[in-house]
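Let the hints inform the model, and build the full structure from the sequences given.
When we follow full-length UniProt numbering, the leftmost residue of the sequence shown carries the number 1, and every step to the right adds one.
Hints were generated in silico from the structure; no laboratory data involved.
Treat each hint with caution, since some may be false.
Stated by the list, open to error - Here are the simulated SDA-like cross-link-like pairs (lysine to any residue), alpha carbons at most 25 angstroms apart as the crow flies: (1) Lys-62 / Ala-12; (2) Lys-53 / Ile-18; (3) Lys-53 / Ala-12; (4) Lys-53 / Ala-11; (5) Lys-62 / Ile-50; (6) Lys-53 / Ile-21; (7) Lys-53 / Val-40; (8) Lys-62 / Val-51.
As the structure is a computational prediction, the values presented were derived from the model and not from experiment.
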Amino acid sequence: MSAAAHGNTPAAWTGSTIAFIGFTVSGVAMIIPAIWLFFVGLGVVVLGGIVGKAMAMAGMGKQPSPNFYTPEETAARQAVTSGV
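Here it is in structure tokens:
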């Protein structure tokens, strides 16, 4: 998978790291009974998803493949190659 750069982007690493920290905080909150800390950890997990998506939208995520076509483009290409 590393050849396809699956998840090997700054956006993926940052979002995953922030979410991991949030899960860790929530896990610690379950050991020491602190309900408020549990929900703070869940908020950090959601923040990780938002930051990762924002970074991907800013161009730091995986770029679309030049070999990928939308279904409409694929249908148009098949129509041209089949002679219809």
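Hints, one by one, checked against the model:
Between Lys-62 and Ala-12, the direct Cα distance comes to roughly 9 angstroms. Compliance with the 25 angstroms bound is thereby established for this hinted pair. Note on Lys-53 and Ile-18: the hinted pairing holds, with a Cα-Cα distance of about 12 angstroms set against a maximum of 25 angstroms. Restraint check: the Cα-Cα separation between Lys-53 and Ala-12 comes to about 9 angstroms, which is no more than 25 angstroms; the hinted pair holds. Our distance criterion of 25 angstroms between C-alpha atoms is met by Lys-53 and Ala-11, whose separation comes to about 7 angstroms.
Pair hint Lys-62 plus Ile-50 holds up; C-alpha atoms about 16 angstroms apart against a cutoff of 25 angstroms. At roughly 17 angstroms between alpha-carbon atoms, Lys-53 and Ile-21 fall within 25 angstroms of each other, so this suggested pair holds. Restraint check for Lys-53 and Val-40: the C-alpha separation of about 20 angstroms stays at or below 25 angstroms, so the hint holds. The hinted pair formed by Lys-62 and Val-51 meets the criterion: a straight-line CA distance of about 15 angstroms does not exceed 25 angstroms.
The structure agrees with every numbered hint stated previously.
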